[in-house]
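> Protein chains in written order, with this note's numbering: chain A, 246 to 483; chain B, 170 to 742.
The set of hints was computed from the structure by calculation and includes no laboratory data. The beta-carbon is built from N, C-alpha and C at its ideal position, and this holds for glycine as well. Check the hints yourself; a few may be wrong.
[To be verified] No farther apart than 25 Å at their CA atoms in a straight line, the calculated lysine to any residue pairs in the SDA-like style are these:
1. A:K293 to B:K442
2. A:K433 to B:K615
3. A:K360 to B:P231
4. A:K468 to B:K176
5. A:K386 to B:K442
6. B:K510 to A:K403
7. B:K358 to A:D450
8. B:K358 to A:Y455
9. A:K307 to A:A410
10. A:K403 to B:Q577
11. B:K615 to A:K403
12. B:K580 to A:K468
13. A:K433 to B:G282
14. B:K583 to A:Q466
15. A:K298 to B:K252
16. B:K252 to A:N352
17. B:K318 to A:K293
[To be verified] Negatives, chain B to chain A, calculated, CB over 12 Å:
18. E262
19. N474
20. Q552
21. T687
The primary structure of each chain is shown beneath.
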Amino acid sequence: MKRRDSIKTIILSSIGASLTLEGCISPLNENVSEKIWEYRYGRTPYEKERDKKFLNAQFFNKSELRTIERIANIIIPPNEFGNINDAGVVEMIEFIAKDWSTPAHNNYGENVLRKGLIVLDNLFENKFNNKLTDCSDDQIKSIFDIISYNDGIEENLKEAASFFATYRYMVVTGWFTSEVGMRDLGYKGNIPNVWDGVPEDVLKDHDVSYDEEWIAKCIDQSKRNETAVWDEEGNLLT
Amino acid sequence: MEIKKSKEKYDVIIVGSGAAGGITTKILTDAGLKVALIEAGPYFDPADPEQQTQFKPTWASPRRGSSVTRRFGDFHMSYGDWKVDGEPYSSKEDTDFMWWRSRMLGGRTNHWGRIASRLGPKDFKCKDFYDLDENWPITYEDIKPYYDKLDKLIGVFGTKENLPNDPDGFFLPPPKPRLHELYYIKGAKKSGINVIPSRLSVLTKRINNQRGICMFCGQCERSCSVYACFSSSSSLVIPSLKGGLVDLYTDSMVRKVNTDNNGIATGVSFINKKNGKEYSIKSKVIVLGASSCSSARILLNSKSNEHPNGLGNSSGLIGKYLQDTVGTSKQIFVPELMNRKTYNEDGVGGAHVYTPWWLHDKKLDFPIGYHIETSYRNLGMPQFGIGGYIPNDFNKFFGLRVGGYGEQIRKDVKKYWGSTIALESRGGAIPDINNYCEIDENKKDKYGIPVLKFNYKWADTEYNQAKHAQDIYEELAHNMNGIMIGDKPGKDQNYGISTPGSIIHEVGTTRMGNNPNTSVVNKYERLHDVDNVYVVDAGPFVFKGDKNPTWTIMALAWRTSDHIISELKKQNL
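Pulled out of the complex, with its shape left as it was, chain B reads as follows:
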C-alpha cells in the first residue's frame, strides 16, 4: 500500500471528535496550538438541512421511522450502531458484548441522552467506600473546577439538592415535569424514594449567542439544528474550526500511533476511507479520544520494537477493567393514564425527572447503587409500531376481548396511548481485570486493521443489583396503581440485566493510576510509558459509579488539555 507522508508537523494530533476530542480541540486551539483532528466518519452538522432529521414528521420516512438502517429508528442521529459495516468485532465463547460506534463528526454526542451527571466524592474513593481494588488517583476536589467550567461553557439544567454523592453544579433551571412524571413522583414518594429534576445538557435558557434555546421538540437524540442541546459537533468542533488552527481529517480510520527508535511517539497513520490510501502525519503530542475501546485498540495495534506489547502497555493492562453500566428495565401500564386528553407534551429529549441512588447507608447484597430513569415520549410523536402488535392487548386486564378491527381498534389505540411508563435502572459496574477487550489476531476490518475481541461477564453482586431494581419497579407499579407488563424477570432470566455494552457506557480500558505496574495512564491521562501520548476518553476511568460518563470524560479532558498546554510551554514535550 502506498503511504503518503505529510511534511507539516502539528502541535497536537487528536483522534476522535466526540465528547473527549471536541473539548480537547477547543481548549488547545483557544491556547493557540495547531491541531489535526481525525474523525473516522463524515462531516456532520445538525444544522445542515441535508443531514437534519429534527422536526421531520414520521411520514417523511417511507418506513415510518422503523429501525432497518438505523438501530434506534430512521430519524435517530447516529451513523453506525452496535454494527458498523465492514468493522466487525467478536466476543469470547460464552460471553456477549455489544459495541456501539457512531462514525461521524461529534461521534456519540449527537445521539446521547444528554444526561450530564458528575461523579461524586465516593465514586473517586471507590476502594474506601465500595471495597473495590483501587481508588482513583484524583479526588472530586481535583476535578470539581472543571465540572464547574463545563457547566458554564456547555450548559446543563438541574437543581441544587445537596445530595451526598450527586454533586450540584452551575445549573440552568429545569423544565416542569410531564403528567406521567407526576405519577412517578407520587408513586415514589409512597415508598420514600427520592425524585429530583433531571440534569441534562439542554439549554433551557440562553448561555451565549452561538447556541439557541430549547424548542421542546423532545428530539435531542436527532441532534439539535439550533444547537440547543450539546453535541460535540455543534458546540465544540464546528466553532473551533472557525479559528483556523484545526485541520480536520474526516473519513479517516487511525491504524496506529507511530514511534521513533527511542520509543517516543511521532504521529499517527490513518486510512482515508474514500480512497483507501494510508497517510501518516506528525505532531509533538498525540491525544487519543476515539472512545474507550477504540483507543485501546489503537494502542494495542501500535506495536514496535520499543513497545512490543502495544504502545503504553508495559503493564499489560490496556483493554482490562472494561466496564459498562448495569441496566434492567420494565414497562408499567398505568390505567389511570388511559384516555388521556392530548396536548403538546414533547418537552426536552429526555425525562424531566429521575431518582438518584437513595440507599447510601443501607446494608444490601450489592456494593454499588443505581439511579432510575423514566421514559419520556409517552405522548410523543407516533413511530412505527404505535399501538404494539396487538393494539388492545391491555383489554385483558379488564376482562375485555382482545383483538377486533374497525372503529373499535381505532378507539382502543387512542385509549391506551400514553398509558405506560418505562423505568430503567442505571447502576455502577465493578471494575474487574477479567472483563476486557483484546486484539483478535485472526480478524481484520475492511481497512486491514486487526479488530477487537471482548470478554465480559456480570458479577453475582451485579445480578443482585438488577434484582433489587426489579423489586423496586414492582413496588412502584403498585404505588401507581399500575402493573408490570410481562412477567417480572426472575433468576432464570437474570433479572432482565442488560447485555454488557448495550447501555453504551464503556469505560476503564486504559486505567488511571499512580503506579505504572497497575495502571496505564497517570493522573493527567498521560501514558506511563510514553510522555507525549494521552488518552482523554472514558478509557482512564477507574470507576464510574452509577453515573453517565460524558460529563466526566469532558472534565478530565479539559484538565488534561490544561496540562498539555503547560507542558508545551515548559518545553517538556
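Chain A on its own, in the form it takes in the complex:
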C-alpha cells in the first residue's frame, strides 16, 4: 500500500470512569478461596483488595465462558504467535464484566456483556435451531459475515451487530494487549534501551530525513554517562 491517499471522518471512543462496586457477582464456591495473585504491579492497598475480590469471584457461568471463547477464536483466529487462550482474552473479559459492574459503567457486565451473549445466542437459535456453541464454524461465520459490517445491516439485526462490535472490541483489545498479541503486532519496546533515532531504512521509506543542524544538537549517546558540565553561558562542555 502506498503512503498516500485521501480520506473523511471518524470518532474514536474512549472509556473511563470510576465508582464503587455494585451488583450481582457471586463469590467462587471453590475450596481455594483466594486465587493466586498472578498480576504483580504496583497497586495501592485499596486497589489490591478490589482486584482480589474480583479475581476470587465469578461473573459468567461455564456455558457463557465457552460462548465467549468460541466467538473470540473466530474474531481473532490462532496464528503462529498463539491463540485466544494464550492471550488470556476470556479471563480479561470475565474480569472486566466485574470491574465495570458499577453504576458509572451502567452495569456493563450485566447490561452489555451478558445481554450481548443472550442476543447473539438467540440469533443462532432462530437461524440454526442451535446455541452458538453448537453451531459449526461455517454457520457462525455466515452470521458474522453479516453483523460484523456497518453497512447494509437490516433493522432487526442492528442490536446483534452492536453487541458483536462490543465483543470484537474486547477480543481485539485482549489479543493485542497480551504477550503473544504484542509479538503479533510487532511492538518492540518496554525494555531499557538507548534511543538513537529512526532507523535509516524507515526514514528512506517515508521520504523524511534528519536536519543536520538539528541532529548536531541531539544527544551523543556515547557520552551519556559523562557528567554534564556547562560554561557560564549554558554551553554544554561534556
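Please arrange chain B on chain A, whose structure you already have, making use of the hints.
Same frame as chain A, now just chain B:
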C-alpha cells in the same frame, strides 16, 4: 475530637511534598534548618517494587491498563485524580471546574509531563505586553538565576534557540525526533511554523551519581525507578530525608494554620488519616506548598479573631484570579504512516519536539498565545482500547468496507497502528477576579474540613485562541496529507476548548504583588498580613502565559527559601 500537641518546635513546617514542598525541603534542610514536611497521601518511592508500575507489561493488569481505578490508566502514577474518595468539591451553577489531586509523596510531580518551560520576560510584564490588569512585581531577571540553578540541580534537556519569550537554559542534549515528529516538523515548515526540541526534565545525560540516566521506556508518567526523570519524591524529598533534619508526616491532611493572640502563625493542625485523630505541631515559619487551590483552602479555613476572613485574606483576594491553561486538541490521521515497520520508538515519556508560540508580532483577536504539543506514544505499548471501538474505521476514507472479523481485522489493526498524530494547544489564560475558588460553607470532606466551590468561565478571547488553534490543526493536517479525525469543532462546540482545570495547571489563587490591597503575598511569597507564613506553590502566580508551571513554581520556591534562611539568620522570624 482529641487533639494531640507535640512539644517539639520546628524551624519550618512545609505543607505538601510536590514540586514546591520538595525544593523548599531541600534548600532549607541543606541550610541546617529543622523541618516538618506534611503530606496528605502515603509514602511513595518510584524505586519501591511494591509501588512500581514502570516496565510492567500491559498484560500484568487484569484490566489491561484500562482506567477504572486510575483515570489515566492502571499504570499511571497518581494516587487520586479529578476525584478523590471522600474529598468532594463543587462548581457554581453553570460553571464546571475539574480539580486534580495526587495524594502521595511527591504529589503530581510523579505523573507530570516533565515539561520544564520557563516563563519569558513578557510573561512577567504581562500588563505591558498583553494589556492585563497587573504585572508581576518581579522580572525575568530576578528569577533567572533560580531557573539556572534548577536546570543544573534537577536537569532538563533542550536547545538554545534565542527565542523572544522562551528563554534558554542550561540544557542537556535532547533525543532525536521520532518518525511522526518528522512528519510534524515537515508539515509545520510548510506553513512557516517553528518546531524545536522539547524541554523536558528527563536526564538524557548524567548529572550526578544519585540519579540514573534515561532508559527510553516512554513511561515518565509512571515515575522512574532509576530517578531519570524528575519527581519531587525521588529527586528532592527522599534524598533530603537522609540528612536527618526532616520529620515526614504522611497521610496527614492539614486543616488549618494556627495563630496566636497577636495574629502570628504558631503552627498547623492536621488530621492523621490512619487514625482520624487531630494533631497540632509548632514552628517559627509555615510554608504552604499544598497546590494552588489546596493552599487557598487551608488559608480560607484558618479563620480566627485576628483573621476573620481567613489567614492572609484582608484583601479578600484569596482564591481569586484562578487560572488553568487553555487547551484544545485534535487527532489527525496520516495515511502515509500506515503499515509502519515496527521498531522500538518508546523514547522519553513525552514528545521530543514542540512548537513554541510563534506569532508574537501578529495582530490577532486574542492577546495571549499558545504552544503546540504532539502525541508521543504512536508506536507505544498497546493499552486497553488499542484499535479503537471499530478497528478499521479509517477504511471509510478509502471507500473500503468498515467492520469484519478474522484475519482481515488483525491485518487492519496492524495497518493503522501508529498512523495518527494528536496535536494539543496549551495557551495562556487571562487572570480574572471572577474566576475563583471559595469555601463551600455547607459541605465538608470526610475529615470534617470545609471543601472548595469553584467558579470559572473562559473569556471570549480564550475561545478565539482555541479557534485559532483548530484552524492551525486543519492547516497542519493538510500539510501532512492527513485529515482531522471527527468534525472540526466549531462555535457550537466551543472550538473544543478544555474544561477549566482539565489541563491540571491551576495557578493564581494567592496572587503576588507589592500592594497589600490588590495582592495576597509579596514578592518573596510571604503573606502581606502575616510575616511568618509563605505560599510557595503556583498560588502566587500573577500570570503564566502559555508555559507549564512546574519549573516556575520551583524557581520561586527556591528564591523564597533563600529569603527565609536569610530572615531567620537575621532573627526577623
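> Compare the structure with each hint and give your call.
Right, here's what the structure says about each hint:
Restraint check for A:K293 and B:K442: satisfied, since their Cα atoms lie roughly 19 Å apart, inside the 25 Å limit. In summary, the hint linking A:K433 to B:K615 is not supported, as the alpha carbons are separated by about 46 Å, beyond the 25 Å threshold. A hinted pair counts as satisfied when its Cα atoms are at most 25 Å apart, and A:K360 with B:P231 qualifies at roughly 22 Å. At roughly 52 Å between alpha-carbon atoms, A:K468 and B:K176 are farther apart than 25 Å, so this suggested pair is violated.
With a CA separation close to 57 Å, the supplied pair A:K386 and B:K442 exceeds the 25 Å bound. For the hint linking B:K510 to A:K403, the alpha-carbon distance of about 37 Å lies beyond 25 Å, and the restraint is violated. This hinted pair checks out: B:K358 and A:D450 have alpha carbons roughly 20 Å apart, not beyond 25 Å. Proximity of B:K358 to A:Y455 is assessed by CA-CA distance (about 14 Å); at most 25 Å being required, the pair is judged to hold.
Taking the CA atoms of A:K307 and A:A410, the gap is near 22 Å; set against the 25 Å cutoff, the hint holds. Under the criterion of a C-alpha separation no larger than 25 Å, the hint pairing A:K403 with B:Q577 is consistent with the structure, at around 22 Å. For the suggested pair B:K615 and A:K403, the alpha carbons sit about 46 Å apart, so the restraint of at most 25 Å is broken. Our distance criterion of 25 Å between C-alpha atoms is broken by B:K580 and A:K468, whose separation comes to about 41 Å.
The hinted pair formed by A:K433 and B:G282 meets the criterion: a straight-line CA distance of about 23 Å does not exceed 25 Å. A distance of roughly 31 Å separates the Cα atoms of B:K583 and A:Q466; the hinted pair therefore is violated under the 25 Å criterion. Among the hinted pairs, A:K298 with B:K252 is consistent with the structure: their alpha-carbon atoms are about 22 Å apart, no more than 25 Å. With a CA separation close to 20 Å, the supplied pair B:K252 and A:N352 stays within the 25 Å bound.
For the proposed pair B:K318 and A:K293, the alpha carbon gap of about 41 Å is over 25 Å, so the pair is violated. For B:E262, the requirement that its beta carbon stay farther than 12 Å from each beta carbon of chain A is met, with the minimum near 24 Å. For B:N474, the condition that its CB be more than 12 Å from all CB atoms of chain A holds, with the nearest at approximately 41 Å. Some Cβ of chain A comes within 12 Å of the Cβ of B:Q552; the nearest lies about 7 Å off, and the non-interface call is violated.
At roughly 36 Å from the closest C-beta of chain A, the C-beta of B:T687 stays outside 12 Å, upholding its exclusion from the interface.
The structure fails to meet hints 2, 4, 5, 6, 11, 12, 14, 17, 20 from the earlier list, while all remaining hints are met.
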